[in-house]
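Asks: These are the residues of each chain, in order.
Number of protein chains: 4
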Amino acid sequence: MTDTRTTIRAAVIGAGMAGQAHAFGYRNATMAADLADVRVVLDTIVDPNLDLASSVAARYGFEKAVADIDAMLADPTIDVVSVALPNHLHAQVLPKVIASGKHLFAEKPIGRTPDEAAGLARLAERSSAVMGVGFSFRRLPGLAAVARAVADGVIGDVHTVRGWYYADYAADPQGALSWRYDQELSGGGAVLDIGAHAIDAAQFVAGPVERVLDAQLRTVITDRPRPAAGGIGHHAAVTDETGPVTNDDVAIITAAFAGGAVGTITLSRIAHGMPNSLGVEVFGTRGHALFDSIAGGQFHVFEVGAAPAAVNGPRRVFTSPAHPYFTDVAPMPGGGVGTGYGEAFVAEIQEFVRCVRDNRPMDTDFAAAESMMNVVGAALSAARRGTPVPV
Amino acid sequence: MTDTRTTIRAAVIGAGMAGQAHAFGYRNATMAADLADVRVVLDTIVDPNLDLASSVAARYGFEKAVADIDAMLADPTIDVVSVALPNHLHAQVLPKVIASGKHLFAEKPIGRTPDEAAGLARLAERSSAVMGVGFSFRRLPGLAAVARAVADGVIGDVHTVRGWYYADYAADPQGALSWRYDQELSGGGAVLDIGAHAIDAAQFVAGPVERVLDAQLRTVITDRPRPAAGGIGHHAAVTDETGPVTNDDVAIITAAFAGGAVGTITLSRIAHGMPNSLGVEVFGTRGHALFDSIAGGQFHVFEVGAAPAAVNGPRRVFTSPAHPYFTDVAPMPGGGVGTGYGEAFVAEIQEFVRCVRDNRPMDTDFAAAESMMNVVGAALSAARRGTPVPV
Amino acid sequence: MTDTRTTIRAAVIGAGMAGQAHAFGYRNATMAADLADVRVVLDTIVDPNLDLASSVAARYGFEKAVADIDAMLADPTIDVVSVALPNHLHAQVLPKVIASGKHLFAEKPIGRTPDEAAGLARLAERSSAVMGVGFSFRRLPGLAAVARAVADGVIGDVHTVRGWYYADYAADPQGALSWRYDQELSGGGAVLDIGAHAIDAAQFVAGPVERVLDAQLRTVITDRPRPAAGGIGHHAAVTDETGPVTNDDVAIITAAFAGGAVGTITLSRIAHGMPNSLGVEVFGTRGHALFDSIAGGQFHVFEVGAAPAAVNGPRRVFTSPAHPYFTDVAPMPGGGVGTGYGEAFVAEIQEFVRCVRDNRPMDTDFAAAESMMNVVGAALSAARRGTPVPV
Amino acid sequence: MTDTRTTIRAAVIGAGMAGQAHAFGYRNATMAADLADVRVVLDTIVDPNLDLASSVAARYGFEKAVADIDAMLADPTIDVVSVALPNHLHAQVLPKVIASGKHLFAEKPIGRTPDEAAGLARLAERSSAVMGVGFSFRRLPGLAAVARAVADGVIGDVHTVRGWYYADYAADPQGALSWRYDQELSGGGAVLDIGAHAIDAAQFVAGPVERVLDAQLRTVITDRPRPAAGGIGHHAAVTDETGPVTNDDVAIITAAFAGGAVGTITLSRIAHGMPNSLGVEVFGTRGHALFDSIAGGQFHVFEVGAAPAAVNGPRRVFTSPAHPYFTDVAPMPGGGVGTGYGEAFVAEIQEFVRCVRDNRPMDTDFAAAESMMNVVGAALSAARRGTPVPV
Ligand SMILES: NC(=O)C1=CN([C@@H]2O[C@H](COP(=O)(O)OP(=O)(O)OC[C@H]3O[C@@H](n4cnc5c(N)ncnc54)[C@H](O)[C@@H]3O)[C@@H](O)[C@H]2O)C=CC1
Ligand SMILES: NC(=O)C1=CN([C@@H]2O[C@H](COP(=O)(O)OP(=O)(O)OC[C@H]3O[C@@H](n4cnc5c(N)ncnc54)[C@H](O)[C@@H]3O)[C@@H](O)[C@H]2O)C=CC1
Ligand SMILES: NC(=O)C1=CN([C@@H]2O[C@H](COP(=O)(O)OP(=O)(O)OC[C@H]3O[C@@H](n4cnc5c(N)ncnc54)[C@H](O)[C@@H]3O)[C@@H](O)[C@H]2O)C=CC1
Ligand SMILES: NC(=O)C1=CN([C@@H]2O[C@H](COP(=O)(O)OP(=O)(O)OC[C@H]3O[C@@H](n4cnc5c(N)ncnc54)[C@H](O)[C@@H]3O)[C@@H](O)[C@H]2O)C=CC1
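In order, the protein sequences belong to chains A, B, C and D.
Residue numbers for the first sequence follow full-length UniProt numbering, beginning at 1 and rising by one.
Residue numbers for the second sequence follow full-length UniProt numbering, beginning at 1 and rising by one.
Residue numbers for the third sequence follow full-length UniProt numbering, beginning at 1 and rising by one.
Residue numbers for the fourth sequence follow full-length UniProt numbering, beginning at 1 and rising by one.
If you are wondering where the hints come from, they were derived from the structure by calculation, not from laboratory data.
Remember, predicted model here, so these are calculated numbers, not experimental data.
Think of the CB as a built atom: it goes at the ideal place given N, C-alpha and C, for glycine as much as any other residue.
Not one of these hints is a red herring.
Computed spacing ranges between beta-carbons, pair by pair:
id, chain 1, residue 1, chain 2, residue 2, range
1, D, A67, A, A228, 50 to 58 Å
2, C, D68, D, P308, 41 to 49 Å
3, C, P390, D, P390, 21 to 29 Å
4, C, T222, A, G230, 52 to 60 Å
5, C, A237, B, P390, 52 to 60 Å
6, A, D152, B, W179, 32 to 40 Å
7, A, G230, D, P321, 12 to 20 Å
8, D, G386, A, R39, 58 to 66 Å
9, D, P76, A, R39, 25 to 33 Å
10, D, A151, C, H235, 30 to 38 Å
The task is simple: from the sequences and hints, build the whole structure.
Replies: See below:
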C-alpha cells in the first residue's frame, strides 16, 4: 500500500497550557473523515523549559523536544507551526515564523496592543502561507450552531447582545503572580486574556463591534505572591514575596455593533463558583439564542410563533452531528454524547490543516485577531478617557 | 366574642393590572400569623372606568367601587390607600392622598422624573402617616434571601453586579401604544417601567448605586397601533392608526456602587422568549449569589471553601419557611412548594399593614423610590450626554 | 346597588395544614372573572383545637370558629363544606357531610383503603350535591398544560411514563411520629400521603392505570419520637418517648396503563434535598413532556420534527395566561410571573364553586379518588404478594 | 535520546462505532502524565469491511488495516487487543484473543447471556493477561466523582436509587433493522445495549444489585426496514423490505441492592428528545447525589446540615481536576472546561494501559461484566416469569 497522503509536519512552540492543547489537536486532526488523505507528522515541541517540552512531546507523541525556536524554524521539513507563547512574545516570535514561510497557527490574542496586532496582521497579509489564529471557542459545536442559526435569520434582526466570560482562575488571592497579571507582559487582564474569546464569540454571533460605548476595568486583588520558576497556565508554586497586579480582574464593555445592536461584554477572572463560562446571548426581532460553555453540550433557541403559545418556549438543543465540527471531533458522534474543550482544539487544527492542504485562508485569521484586539484597544481607551471610542 | 382587632379600612385607586394585585394583597394580608390581630376591611376600589372598578371590587371582595378619588379621600373612615395609577398621575394624585392624612401605599416609580419623585418624597417626609412604595420584587422570598445572605457576608465583599429585567410584553410590534410607550406619560420605557424593579433589586442586594457610568437606550419598535379605549396593563384592543413610540425598548446601564462594586443593569421589554425575568447576580470575594424570578422558587449561592473542592459548587436553594415572607404568604408553607408573584403583593401589603398597626416607617419608602428614580434620572442624563453622571 | 350575586356560604372542617389552604382558596375564589357573580361568605372554621380554629378563622377572614362538626352541619345556612382531616377521620366525617346535603369538597385521599374509598364514593354518587376531591396538583397550570398537550396529541401515543413525588418532610429521624406514620390512621405512608397526588397526576396525564405490575415499600426510619399534643402538618414538638413507624417512607410502583404505556411512580418522603417535587414525564411516539412542581413555573415539551434538527430540542415553556387556571388565580397574570402552590387551592375551590353555582359535577370527584385509591390498594397487595395486581 | 519507554503495540478488532472510539483512546492514551513512560504503537485495525478498516486506520493513525482476525492474533508483536464487535461475535472472538495470550480490552456486554458471559469470565480468570471491559461511562469524571462521594459517605447510607439511560437512536421507526434489534444477535434490546451501561453505573455508585424484583420489557416499534449492507453504529441505508424487531425498546427494572437500597433502572432507546442521557440518582440518610451524562460537565450533591438551612441546597459541582480522570484526558484541564464522551475512551484505555504496564488487574474486568449480565439475565427471567429473580 503506497501512502498517497499529503504529509504535514508540525511543530508547536510553547509547551504550556495552550501548547499542550495544540499538540492534542495535531495528534487527532486526521480523525475527520475528510482529512484521511492527510498524514500529520508530530515533529517537534519547542520550549526553553526543556523538561516540559520533552514531557509534552512524550505525552502527545511528538518526535522531539527542543529549546531553540530558531533552529526549529531553520528546519525545512517542518511545514506548520503553532505558537502558544505568553502574549509579550507574540510580537517577537510570530514575525520569525512568518518569515520562515511556514504555515502558522498562532494563539490569541496576537500581541498585546492594537499596534502589535496590526503590525503582525500586516506581516501575515503579505505571507502566502496559511495564517490562522486560535479562537478556539468558535469551534465548540454549540457556539458555532448559535452563530449559524443567527446568520440563518432564525431569531430575526439582533438588537441586544450579552457576551461574557466568567472564570475563577484568579479568584484565590494566593494564586501566583504569573505573566497574566502584568499589564506590560499581557496587554490586559481579564479584558484580553479571556476577553479575547468572549469578544470574538460575540462578534462571531452578532457581527462586528463598531464602537465601544463604555468600558470599566477593575483590579480587585491588588497584590499576589510572586511565583517560583517553571509554572505553566494558572498553576505555579509561590514564593513569600508579593508583587502588584497591574491589570484588570474584571472588565465590563458596552458596545455598539455594526448591525445596529447594543450590548455588554463582561469579563471576570475572579468569578468564584463559575470556573469557566463563556457565553453569548442575543435577542432579535423574532426570538433569542443563548450559548454557555459551562453547559456546552446544549444551547437555547427561541422562535416566536414556532409553536402554539401554550407549548412554545426556548428550545434546549443538544449538540449533535447536525452541528458544526461535531462529527469531526467526536469519535462516537451521536446527539447528546457531548464533546469537551479539548475537541475545540482538534477542530481548529483540523480547519487549519484543511486550509494548508487546500491552500486557502482560514476563517479565524489575523484580521479577526486584529478586529478583536481593536475592540480591546477601544475598551482600554474608553476606560481611560470615559468616553465612547470607535473601533 | 368581642372583636379586639385593630380595624384598617382600605381603598385602592386604580383598578388596572397593579391595582388588582394590591386588592389581592389587602384581601390576604391577615393570613400572616402576626397580623391576626388586625381586621382589614376591603372598602373601596376607585377608577374612572367604573365598570372595571366594580368588577374588581366584586372579584376581590371590596365593598364598593367609585369613580371619584376626591370623594373617597374625603371619607374619614378610610385608613389606608393604595395608588396604582399610570405614572403621569402620581404627581397629581399622591399629594392629595398625603394631604388627606391617610396612610399611603404607592406603586413605583413615584412620578416620572427625579424632580417629581423628590417633590413627592419631600411631601411624604412631612407626613406622620406611613408612606410605602410598591417595590414588590423585594418581597419574593428568593430575592430577599439573597439580599440577606449577601448582607450576612456569605459571599464576602461584592465586587461585580449584574441586574436585569427581561420582559416580552412589548415584543410584538402589534401591541397597543398604551401610556407605557409615551415618554411624557411614563417618564421612561423599559428603563423606568421595569427598570424601577431591577434597579431597586440591585440596590437591595448590592447597596446604593453612586454613579451611572454609562447608559444606552434604544427604541427598536418605533411605531405601534393606537389602542382603543379601556385597555389595562399590557392588553388593549388596537385601532388602525399608528403612533410613535417615544421611549426606550431596551436600556443598558453601567453603574458604580457605593460599596465599590461595578456592574450592569439591562432592561428589555422586547425580550422574545423571556416573558418575565428579573434577576440579580453578584460576585464577591468569597462566593456568588444569583436570583432569577423566572425560576423564583430557587436561588443560587456559592461559598468558596464551604465543602471540599471535589463536591463544592453553587447551591440551588429552594425557597422555604427559612426565608423572608414565605410563611406569611404561603397558606401551606413548606420547602419547595413555591410561591408566585401574587404573593409578593400579599407580603408587601402585610408589611405596610404592620407599619400602620405599629406606627413605624416602611422599608420601601419614598426615599427608596427617590433613590431608584435618581438612578434612572442619572441614566437618562448619561444616555443623553455620553458621560458618567453621579446619582 | 342591589347585590344580584349568588351567595355561597362556606365552612372548613380541619384547620391544619390542608384546612388553611382551603380557607385561602375560599377567600380568593371570586377573583376569577367568571365568578364575580358569586359571593362566597367565609363562615366557619371547625376544629376541636379551638385555639387553632380561631386563629385560622381570624387569619383567613372567616366569621367564626367552632369545635363541633355536627353543630355546624346542622346550620342550614351553610352551603358548602371542605373536609381537611387526618385520613382516618374521612370515613367517619364525610358520610355526615354528605348526609347533610351540603356540597362537599374533601381532601384526598378519601379514606384509607379501597373499601373505605368505595364506600364513600357510593355515598357520594347518591348525593345530588357537588362532591369534589382535593387533587390540588392538577390545578397547577404547568401540570394541567402538560395534560392538555398530551391529550391534544402533541407527543403522539404515550408509551413510557415516570411519575414521582419526592419530599423531605420525613427525612429528619427526629421528626414527630404524627398520624402520618401510623398505617392504621393513615392508610399508607409515602405511597398514599404523597402517592395520592403523584398517582392522580400520572393518571391525569397518561390515563388510567390498569394494573400494578410491582410495588416495593420500604421503611427506612423505623422509630420516631412521639409528638406532644397540638402539632399540625409536619411540625410538632416531640417528647422523649419513641414509637414505631408502621408505614412506608419510600414506595416504588411499576404500572401498566390502560392506553398501553408502562411506567414507574416513585414516592419518597425522605428525599433529602428535594423538599417538594411532584413530577410526571411521558414519552410518546412523537415527543416527550415533563412537569416538575419544584420548578412549577415551567414545563417541557419536545416534538419531533417541529423544527429543523439543528435547532430542535425540548421546549421550556413558561406558564402563562395560555394555560389552564393561570388567569383566574394570578392577580397580575402575565407569562413568567409564576404562581405558587397556594394558587392551586384557589383554582380548585374556584372550580368547586363553579360546579356548585352551575349545579354540575366536578372533574376531581369521588370516582377519581376511588380510582387513585384502587391503584394504592393494588400497590399494597402487589407489595405483599410479590405479583401483579389488577386495579 | 534513547527511548526507555515501554512499548505497547495495539490492535482493534471492529472498526464500527465503538471500535473507532477505542482507536481514539489508544491514540491519546499517553497524554496522562503518568503514562509518558509508555509508547503506544497504533498497529492494526481489523474489520472484514476492509474499506472501513482502512479509513479508520488512516483517520486514527494506525499502521495497517486487515480483514482477518486470526492473522493479526498470530502476530507476536501485538501486545494488546480491543474487541468492539457486535454482541453475537463476543463468544466467538474473545476466546481466541484470550488464547493468544494478549492483553484484552473487550467492549461490553461480553456475550449475550449470563451463560456466555460466565463462560468468557471463566476463560478470562485463567488468563494471566489483563482482561478489561469497556464500561466507558464509569470514566466520565462526573459519574466517577459521584461514586467516590457516595463511597466516602457524603450522603450517608443509600436507600433509594434511580438509574436510567434514555436514548433516541431507535425513536425513528424508519431506522434500519441492524443487529441491535435482533434478540438472537444482540442478547437484548435497550435492556442490554444501553442497559449494560446504566446497570453498571448504578452498581458502580450504589453497590451490587442482589435481586431483580420486577422487570418490564416493551417493544413499541415492532417492524423496521432491513438495512442495506455496510452500515455501522445506528446508521445504515435501508431497503424496502421490513423485518420484525425481536427485542425491547423500553425496559424498566426494579432492583434490590445488596446494601439495602431499592430502586429502578429505566432504559429506553426510543426516548424522543433525549438523545443520550445516562444517569444515576441516589438518596441516602444524609443527602443525595445525581449525575446525568447529558449535562455531564456537572453533577449534584446535597448534604444535609452542610450549610445553614437558609442557604443550603443541592450543589451543582462542575467537573474539574479535583475529579477522577479529568487531568489525564483534558489537554487543557481546568474546572468547567468540560470533557466529552470521547475522553471516556481515552481514560479507559489509559487505565487498561496502566494495568498492562504494571501487570495488575483492571477495575472493569470480566467479573464486572458478568455481574452486570447477571442483572440483565435476572431481568429477562423476571420479565418472563413475573416474579422476583435473584441475581
Ligand atoms: N485558546 C485558549 O483557550 C487559550 C489560549 N491561551 C493563549 O496561549 C498563549 C500561552 O498561554 P499559556 O499556554 O497559558 O501560557 P503558559 O504560561 O502556560 O505557557 C507558556 C509557555 O511558553 C514557554 N516559553 C516562554 N518563553 C518561551 C520562548 N522564548 N520560546 C518558547 N517557549 C517559551 C514557557 O516555558 C511556557 O511553557 C497565550 O497567548 C494565551 O493567551 C492560553 C490558554 C488558553
Ligand atoms: N409592582 C408591580 O409589579 C407593578 C407596578 N405597576 C405600576 O402601577 C401603576 C399602574 O400601572 P398598571 O396597573 O399597569 O396600569 P393600567 O393601565 O393597567 O391601569 C391603570 C388604571 O388607572 C386608571 N386610571 C386612570 N386615570 C385614573 C384616575 N384619574 N383615577 C383613578 N384611576 C385612574 C385606569 O382606568 C386604569 O384602570 C404604574 O405606576 C406602574 O408602574 C404596574 C404593573 C406592575
Ligand atoms: N392537597 C394537599 O396538598 C394536601 C392534602 N392533605 C390532606 O389533608 C388532610 C389533613 O391533613 P393535614 O392538614 O396535613 O393534617 P393536620 O394534622 O395538619 O391537621 C388536621 C387537623 O384536623 C384536626 N382534627 C382532628 N380531629 C378532628 C375532628 N374530629 N374534627 C375537626 N378537626 C379535627 C386537628 O386538630 C388538626 O388541626 C389529610 O387527608 C391529608 O391527606 C394534607 C396536606 C396537603
Ligand atoms: N462503550 C460504548 O459506549 C459502546 C459500546 N458498544 C459495544 O461495542 C460493540 C460493537 O458495537 P458497534 O461498534 O456499535 O457496532 P457496529 O455495528 O458499529 O460495528 C461493528 C463492526 O464489527 C465489524 N465486524 C463484523 N464482523 C466482524 C468480524 N468477524 N471481525 C471483525 N469485525 C467484524 C463490522 O464490519 C462493523 O464494522 C458492541 O458490543 C456494543 O455493545 C457500542 C457502542 C457504544
